[in-house]
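The task is simple: from the sequences and hints, build the whole structure.
As they're listed, the protein sequences go chains A and B.
Its first residue numbered 1, the first sequence is counted upward by one per residue in this note's numbering.
Its first residue numbered 181, the second sequence is counted upward by one per residue in this note's numbering.
Hints are computed from structural coordinates only; laboratory data are not their basis.
A couple of the hints might just be wrong.
[Claimed, not checked] Below, a list of computed lysine to aspartate or glutamate pairs in the EDC-like style, where the Cα atoms sit at most 16 Å apart: (1) 285(B) to 311(B); (2) 135(A) to 361(B); (3) 328(B) to 31(A); (4) 93(A) to 28(A); (5) 96(A) to 28(A); (6) 388(B) to 469(B).
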Amino acid sequence: MTGGPHMADPIFIAVAVLTVGTAILALEARELIYGAIALAISMLGIAGFFLLLDAPFVAMFQIAVYVGAVAVLIIFTVMLVRTQALFTTKEDKKRKGAGIALMLIIMASLGALLLASGLNGQFGNFDNAQTVDFKQIGHLMLTYYAPALIILGLTLAGSVIAALALARREDVEQQHERTD
Amino acid sequence: MATYTKNFRFGEFVGSLIWLILWILIIIALVGLPLIFIVLFYVPLPPVNGQVLTPYLFLTMTVDPSRTLPIIKYMIHTDLFRITTFPGFTYAALIAAVTIFIERKFLAKMQLRVGPLYAGKIEGILQLIADGLKLIAKEIIVPSGADKPLFWAAPIAFVAAAAAVVALIPAAPTWVAANVDVGLLAVFAILGFFPLIALLFSWASNSKYPFIGGLRALHQMIAFEIPFILSALSVVILSGTLNLTGIVNSQITSYWFIFFAPISAFVFYISSLAELERIPFDLPEAESEIVAGWLTETSGMIYGLLQLGSYVKTYALAALFVILFLGGWAGPAVMPVELIPGYTGVQIYNHTTADAILWFTLKVFGVIMLMLLPRGISPRIRIDILLHTGWYKLIVLAFINIFVALALIYGGILGPGGLLVR
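See below:
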């Protein structure tokens, strides 16, 4: 956000260490609640990446949605459920090693794919990168991407109605409890 | 009666004082002065009267008034001053302190009581300092079985989040610590931290009343978050910007948005009461039901920090109301153009900024009084009514004004080139 591309490097490294470190902590923490908090901090780190990429609008939504809502829901669930009931820990070194190896293979293949694809050329010219203007995003959403926006809106509205239908309780009607 | 220790000698007392002064002088000479000079070499210093201020001359120059003023002027315009002092934390904390005192006296007068009376002769004006000293002196008791790291971290995080909201609030033209393009969104993003902190703190207390209070806080804040954001949305539509300074400027060039979006202002006011856990929405700390809610296990400065945080948050939300609906710092010019007539030296005083600060502070106090008012007259509401209000009524009300705002924009009344835009 501030300074040129050369200023961002130490900040980038700090945010990267924070994000990856807390992500590992989220997996490895003994207490589930600390794992959930680490996950929230990791999401904050991702918001930091968006800020570094000159996309403050996306960064703010990342914080509002992921830290403000998703992390709260996860912590809420973790608090109400006993750890023993949730997991039977099967921890042995083979599984762990296999997991890490699998993760490295996936990351390496994804990276190779990205480097091989046409996206590669765009990574070089940071100097010409412009701030992603949220007004432009809004304009595009209502013009070029309007059909996609309408479909998304209908999907979300449908899922909200479905959630209401699922959460609706028949036995509440019998109690005749006034709510206002 | 004060008692002396048995082998007390006045000479030894004086001797110990002299030793103390000697040690302080040695430490200042060996550590303090070098530290000041190291800092001065790294801090950029302003030119004074055409002469570059060097660290060697700093101490001699600061005692000369004609040279002190430029230095003060330079210091006022640094980012550090903005973050720590004027639109930032000290200003907010000062308003928070005044709010606590006003709240106690104001509610007392409403209910025909006297309120704080004894500390400081005149109307208990020193009550706040006495309370603060008491809180600092009290022992902090951490409950057994509490999650210690979270128990200590949550109050600090609470104050830090409140201060982060304050950093985004402009108090006068160009006087803001962080002038970001997406200021309003940033405010709501930070406000999302508060339910998380309340929930974590209540869990860390390892006690059932705090936990019930924490769950209530979570329900309440999430239920009112959506009408809160929606009510600000109509202002965004009317002004066409998310930048808080931009929103104020668009009200200066037309009219205050409370005239165009009164329903939004009402929804915003109710939602901010719920967000602040103030009566009638104080279910998370309902003292007659669940001891003190999520604050039950707090003592000493942990309680002090949470109180400070919540009153700083009160200032921040009142200031946000002023910025969104009451035209921010707009107001008639009342301050004198010159403080000292005929003075032609370095100017620190700027009458437009002084006007802006005056009107902004006055409006903020007006809104704060409005937020304090329900505490004197209203009982606490039931939780199902609270959730019903948040999820059903306020969201619908907020939508009404969004459509009004859209009609005003598309009807050519407001917005670029509108009828009512000067």
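Results of checking the hints against the structure:
1. Pair hint residue 285(B) plus residue 311(B) holds up; C-alpha atoms about 15 Å apart against a cutoff of 16 Å.
2. Using a Cα cut-off of 16 Å, the hinted pair residue 135(A) and residue 361(B) holds, with the two alpha carbons roughly 11 Å apart.
3. As the CA atoms of residue 328(B) and residue 31(A) are separated by approximately 14 Å, the hinted pair is consistent with the 16 Å bound.
4. Of the pairs offered as hints, the one joining residue 93(A) and residue 28(A) holds, with about 14 Å between alpha carbons and a cut-off of 16 Å not exceeded.
5. With a C-alpha separation of about 11 Å, the suggested pairing of residue 96(A) with residue 28(A) holds against the 16 Å cut-off.
6. Using a Cα cut-off of 16 Å, the hinted pair residue 388(B) and residue 469(B) holds, with the two alpha carbons roughly 12 Å apart.
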